[in-house]
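All chains, full assembly: derive it from the sequences and hints.
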Amino acid sequence: MKITMAHGSGGKDSAELMARIFGKHFSNDILDKMEDAAVLQVNGKIAYSTDSFVVTPIVFNGGDIGKLCICGTVNDLLMMGAQPKYITCGFILEEGLEIETLDKIVKSMGEMAREAGVEIVAGDTKVVEGNGGIFINTSGIGLIQDEINVSASNCNVGDVVILSGDLGDHHACILSARMNMNNGIKSDSACLADITNGLFKNGIRVNTMRDVTRGGLGTVLNEIAEKSSCSIEINEISLPMDEEVKAFADILGLDPMYMANEGKMIAIVNGEDAEKALKSMRETLNGRNAAIIGYVKEGHGVKMITRLGGSRVVDVLYGEGLPRIC
Amino acid sequence: MMEISQVINYLKEYNGPEIKLMEVCGTHTASIFKSGIRSLISPEIKLISGPGCPVCVTPTSYIDKCIDYAMMENHVLVTFGDMIKVPGQSASLSGVKGEGAKVEIMYSPFEVIEKATTNPNITYVIAAVGFETTAPVYALVIEEAIEKGIKNIKLLTSLKTVIPALEWICENEEEIDGFICPGHVSVIIGSEAYAELAKKYKKPFSVAGFEPEHILAAIYDLVRQIEEAGSENKHEKENTVNRFGTEDKTKTVHNLYKNAVKTEGNQKAIGILNKYFDEGPAMWRGLGIIGGSGLYLKTKYEEFDGGSAGLDLDKELPEGCCCGQVIVGRLNPNDCSLFGKACNPTNPYGPCMVSSEGACGIWYRNI
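From first to last, the protein sequence lines stand for chains L and F. Under our numbering, the first residue of the first sequence carries the number 9, and numbering increases by one thereafter. Under our numbering, the first residue of the second sequence carries the number 13, and numbering increases by one thereafter.
Errors might be hidden in some of the hints.
[Unchecked claim] Partner residues aside, some chain F positions facing chain L, computed with beta carbon under 8 angstroms:
(1) Lys46
(2) Ser51
(3) Leu52
(4) Ser54
(5) Asn267
Source of the hints: derived by calculation from the structure; they are not laboratory data. Keep in mind that this is a model prediction, so the values were computed, not measured. The beta carbon of each residue, even a glycine, is placed where N, CA and C say it ideally should be.
Spelled out as structure tokens, the structure:
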């Protein structure tokens, strides 16, 4: 059975869809009230973020758009040192989408939300003409304890840059799927709470955190260097990367510095806490391949010391990072 | 056998007369920057980016014809991603996408076979751009179309061959002392293809792979050939004693990419090129028309050609744009007054900034 325009009309078909799919997988005390808005009690400083998800294919090795849209917003909140609490989701469904596929995606969302300890408290669904696609927006609120202050503009000279794991997995997975290439590459889509909670629990002085998504590590580091008015120097030999993903990138001429991940982050910490922070990350599932990749210095921009000891400027990603002709 | 550290040391310590080496391959340009090779060698060894970027040397009339097909009813233009931002006379493929043009990006030309089979009423025109590396692939697509009786695929070719361009450079740019030969093209044409040029112009050619060690080895090889055998004195052609004080000798081709490049090249690929294509003149943006440097589908396959011949017209480069000189190594990108100011990857003036393999684009991202 497929989604039709009737499912977005607000009438009987909409109500059935709500109950059968969204109600089943998202049920909680706040959402079940089915009011026009969720009424929440929050005290103190909050972080608030939104993101939209348009990936194709919608189901891929290692996850689906449902898992992605919860992890994406949860991670954005975690990167500000917040504890994610509440999520909203808006769906734009194209006519022709298989209801079974929608059910699978919404089920993923429910499972991921429970794993991340967040409640989905509001939502909306629209149906448009199209070809069976699905687009999802999620927004989220998280609570920040008073003593926590994490920002891209907080870096200091002498801070250490730690990357939580292998570069490029999600990017390589999606591109493999689009090119019908069968390989073992899986998306690394994951919620990073185990890493961030561990850092704070172990008393690490964390100045900046960012997840490494679209635009890749190169873009993220440049944004931080600019906001903190500093320079960041990284070492190519320190960058962790799965062998299969590296081979895939080499064949297509993709630069790992600009490949997207969906379950990796960088933490920029006080230099004295570097080894402790690395140990803390490596004790977690998602941070098991963490590595110290560089340092914050005086100056501006991002520089890489290459494998042979040469030096290269790393700029932001321009354009779309498409594979080359030759 | 030398260790790579010894090679780097030699090149770093070099303090002889200035040597200009041209790398004729966008992939080499990218690799040189990615590994920071320029920071490892003496400033007296200058690496110049050559015209080995198929996107950069494509004239505006070709892009305009691509746009015409994209706007035509029942036609779809299929292209590699790095062509979509190249400007034609007044627009690029990405610019017209929003106006109803049907442009699809391919990762491999073979994807078009399935598209054409599924939609027999649509004609798929492939923007067939590239050098000898990619040309056989387009030919194999036509071969498969013929086998399967598919009639709704066309190639709009802008295929170029490297040797005539290298000859043009040797004739017109005497300042270049040696060449790092394109790795992937050499896999197809073989290392022997450069021998005649090496002999005629007395310049060394070194075939290199793409790892930084390969490229450094090639640079070392060229520098040593130039030092030991010398090159023509730049100012006095009659004088056979060169600026290194040694006698002028014939230079040669060294193949330093033997695990991929054979002397005779890939005969099967060459066979495919000979079966499907004839040579003809081609317009190289920045250089002009070079005879025999283009590949065009043979007459017997003309039903698969999208009107590729004669696409020579090229829009004048914007005032101040130095792409024509950058592409032959007369200027570095940052010698151009527009570089990094009016002209940047988000707002490119000339083809060298548009392409991810263009010299200006790569310099901007890495300097």
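Hint check results:
1. This hint holds: F:Lys46 has a C-beta 6 angstroms from the nearest C-beta of chain L, less than the 8 angstroms allowed.
2. Given the 8 angstroms rule on beta carbons, the hint for F:Ser51 holds: about 4 angstroms separates it from the nearest Cβ of chain L.
3. With 8 angstroms as the threshold, the beta carbon of F:Leu52 comes within range of chain L, its nearest partner Cβ sitting at about 5 angstroms, so the hint holds.
4. Checking F:Ser54 against chain L: minimum C-beta separation of about 13 angstroms lies over 8 angstroms; hint violated.
5. For F:Asn267, the interface hint is violated, the least distance from its beta-carbon to any beta-carbon of chain L being 20 angstroms, above 8 angstroms.
Checked against the numbered hints listed earlier, the structure breaks hints 4, 5; every other hint is satisfied.
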